[in-house]
Amino acid sequence: MHEDIILQHEIEQWLYKESELLDQLNFDGWYELLSEEISYTMPLRINQMEKSKPDYSEATLLFDDDSTTLKLRIDRMKTDMAWAELPPSRTRRNVSNVKIKEVSENEVAVHSNLLLYRSRSTDTTADLISGERKDVLRKENGDWKLVSRWFLADQTSLGTRNLAIFV
Amino acid sequence: MTTTSTKQVPRLDEMTRSELIQYLKDTVKPEEGLIPSYIFSHPKVYELEMEKIFLKDWLFVAHKSEIPNIGDFVTREMGGQSVIVTHGADGEIHVLLNVCTHRGMKLCRMDNGNQKNFTCPYHGFNFKNTGDLIGIPFQKVVYGETMDKSKMGLKEIRHDVYADLIFATLNSEAVSLEEFLGDIKWYLDLAFNRAEMEVVGLPQKWNVDGTWKLGSDNTISDSYHTLVSHGSIAKLGLVPTGDYSKYGYQIYTGNGHGLNLGMPNPDGFAFPESLIDEYKERLNEDQYDILKQMKNMIVCVSPNIMILISSMDLKGQKISHTSLRIWKPTGPDSMEISSWMLVEKNATEEWKRLSEQAFTLTFGASGIFEQDDTENFTDITQNSKSPYHLQENIVFNYTMGMHQEPVEDFVGPGIVYKDKFNEANSRAFFRNWLDQITAE
Ligand code: FES
Ligand SMILES: [Fe+2]
Chain X
0 MHEDIILQHE
10 IEQWLYKESE
20 LLDQLNFDGW
30 YELLSEEISY
40 TMPLRINQME
50 KSKPDYSEAT
60 LLFDDDSTTL
70 KLRIDRMKTD
80 MAWAELPPSR
90 TRRNVSNVKI
100 KEVSENEVAV
110 HSNLLLYRSR
120 STDTTADLIS
130 GERKDVLRKE
140 NGDWKLVSRW
150 FLADQTSLGT
160 RNLAIFV
Chain W
0 MTTTSTKQVP
10 RLDEMTRSEL
20 IQYLKDTVKP
30 EEGLIPSYIF
40 SHPKVYELEM
50 EKIFLKDWLF
60 VAHKSEIPNI
70 GDFVTREMGG
80 QSVIVTHGAD
90 GEIHVLLNVC
100 THRGMKLCRM
110 DNGNQKNFTC
120 PYHGFNFKNT
130 GDLIGIPFQK
140 VVYGETMDKS
150 KMGLKEIRHD
160 VYADLIFATL
170 NSEAVSLEEF
180 LGDIKWYLDL
190 AFNRAEMEVV
200 GLPQKWNVDG
210 TWKLGSDNTI
220 SDSYHTLVSH
230 GSIAKLGLVP
240 TGDYSKYGYQ
250 IYTGNGHGLN
260 LGMPNPDGFA
270 FPESLIDEYK
280 ERLNEDQYDI
290 LKQMKNMIVC
300 VSPNIMILIS
310 SMDLKGQKIS
320 HTSLRIWKPT
330 GPDSMEISSW
340 MLVEKNATEE
350 WKRLSEQAFT
360 LTFGASGIFE
370 QDDTENFTDI
380 TQNSKSPYHL
390 QENIVFNYTM
400 GMHQEPVEDF
410 VGPGIVYKDK
420 FNEANSRAFF
430 RNWLDQITAE
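So the sequence lines, in the order shown, correspond to chains X and W.
Numbering of the first sequence is given in numbering that gives the first Met the number 0, commencing with residue 0 and proceeding in unit increments.
Numbering of the second sequence is given in numbering that gives the first Met the number 0, commencing with residue 0 and proceeding in unit increments.
Check before you lean on any hint, since a few could be wrong.
Think about it this way: if two alpha-carbon atoms lie no more than 20 angstroms apart in a straight line, the pair counts; the simulated EDC-like pairs of lysine to aspartate or glutamate are [to be verified]: (1) 317(W) to 65(X); (2) 314(W) to 74(X); (3) 314(W) to 36(X); (4) 234(W) to 27(X); (5) 234(W) to 84(X); (6) 344(W) to 57(X); (7) 314(W) to 35(X); (8) 291(W) to 266(W); (9) 115(W) to 49(X); (10) 384(W) to 122(X); (11) 234(W) to 79(X); (12) 314(W) to 65(X); (13) 234(W) to 74(X); (14) 70(X) to 312(W); (15) 52(X) to 71(W); (16) 351(W) to 57(X); (17) 351(W) to 65(X); (18) 51(W) to 439(W).
A few chain W residues that don't get close to chain X, going by computed Cβ distances all over 10 angstroms [said to hold, decoys possible]: (19) 31; (20) 89; (21) 134; (22) 173; (23) 192; (24) 265; (25) 272; (26) 392; (27) 404.
Hints listed in this document are in silico derivations from the structure and should not be mistaken for laboratory results.
Cβ coordinates follow ideal geometry from the N, Cα and C atoms, glycine included.
Sequences and hints are given; from them, build the entire structure.
Here you go:
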């Protein structure tokens, strides 16, 4: 039990740290948290009749990234021509309901909820991206690294002008 | 004391229909390259657009590959109306008004699926996937002999197919799809008839506080913005720097349809080599010759379709991707973008996978090209809402390329300009738009 609590604490702190880095636009810092083998995907939410079937499609991905393409996205932000985030949106990533699902020797599977608030430009209406994360973290040289992120938004038609932000 | 001014803000909302139409004719001057700001957000203009364009034109609803089997369906929206596109039990495609003929409930609330019948959630009228009404709960008791089910089928929307693209129109008097598309078909062949194409998954959707017109306007003529709006991509080395986006042709084929064709392709053939035989078989010689040299192609089918073939270098590999989107109006100053990714059915799994990844990375909702466009659409639309723009009749400048003459030596149809830095196509688009919304 004691070890479980410590692990839970460690993973939660890792997720909060990650949110903080992204909210502070420290993308290089964020990239440090990623494993070189990362798979970063966002399937499409759909309205589905049969409750037995998942209400999302993995054939359509809104993010379909690995460490190479995530690096491209981050490098792009530094070009001072990445207009989608100039000036940057203000974001708050609220991570909650952190549930450790599986623990193996050096990996944990962790599910959580993400409520991402995005304030863009002078907009008075807020963009909210709410959804479910399924992550796998792996201990690499003593540090937890993100090996896999799977994020499923709750909206079928996103209420934000683009996904120029990370989820 | 208050400040006085004799300047009047034209009150479009107080004009009669004919006054409004006259005002539009007086202020929108496509041939002079003068497009007034107010048209990008005024509710009165939007009303006309809905009525004169979106209830009249052929609109894209689905690709045939989305409903390959009997019973397959997708729900879509056209002209503010939900429709069900089915592969019916009779083997035919049906586009059905998603409105129960009893008392108007939305019959199907799913995005897609496979069903023989649709049962209304309100009182349970039961319709076949061909639209026929086949069941009414307690029919005998509640209607006696007075109800004729054969007259109560779902309203069937007129539709037709070109290059596996299913179009529908809410206008029973519209010209044929064939005539509506005209010469743009030659280029649609390059996109969707070059090989057997299939949609990957379902359309991605996202919402932008910008007018649909800016999407079409950008699609039909604007290669010039690539240098700056998408400058970050060149800086990353994903596309060449400098004026690469200039090379090729800008082509207008009529009815508000046109394209920008980027060629030659300095990187060579942008499509799977393994499919060359299929391409050659399905395209004519001239078309295949264009395909061979194509770097990219961006087509606007009026009113609101964008078709894109784009090629790039990803992870040291040349790859192209093909997509179709609609700029769906959701209000005078807002739209929903729906974007379908397509791929050659017979390409290798490896090629498909990389093509999908390239699409998502560049032109999906998170696309690194995509992102920067939505900034332009949003801010132009929001700017145009100020009454000051009406008071001063602020106009935008669409005069680029007016000194240029079309060329005659291009193999494809249309009015063709060499090089893509030109606003001729936008002038033609807005002429077509103006003619449509001011038609009696
Ligand atoms: S409205 Fe559909 S059954 Fe009554
Ligand atoms: Fe663009």
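Here's how the hints hold up against the structure:
| no. | hint | verdict |
| --- | --- | --- |
| 1 | 317(W) to 65(X) | holds (18 angstroms) |
| 2 | 314(W) to 74(X) | holds (15 angstroms) |
| 3 | 314(W) to 36(X) | holds (15 angstroms) |
| 4 | 234(W) to 27(X) | holds (18 angstroms) |
| 5 | 234(W) to 84(X) | holds (16 angstroms) |
| 6 | 344(W) to 57(X) | holds (18 angstroms) |
| 7 | 314(W) to 35(X) | holds (15 angstroms) |
| 8 | 291(W) to 266(W) | holds (11 angstroms) |
| 9 | 115(W) to 49(X) | holds (14 angstroms) |
| 10 | 384(W) to 122(X) | holds (15 angstroms) |
| 11 | 234(W) to 79(X) | holds (10 angstroms) |
| 12 | 314(W) to 65(X) | holds (11 angstroms) |
| 13 | 234(W) to 74(X) | holds (9 angstroms) |
| 14 | 70(X) to 312(W) | holds (15 angstroms) |
| 15 | 52(X) to 71(W) | holds (16 angstroms) |
| 16 | 351(W) to 57(X) | holds (15 angstroms) |
| 17 | 351(W) to 65(X) | holds (17 angstroms) |
| 18 | 51(W) to 439(W) | holds (9 angstroms) |
| 19 | 31 | holds (30 angstroms) |
| 20 | 89 | holds (22 angstroms) |
| 21 | 134 | holds (18 angstroms) |
| 22 | 173 | holds (28 angstroms) |
| 23 | 192 | holds (23 angstroms) |
| 24 | 265 | holds (21 angstroms) |
| 25 | 272 | holds (24 angstroms) |
| 26 | 392 | holds (25 angstroms) |
| 27 | 404 | holds (33 angstroms) |
No hint from the list above goes unmet by this structure.
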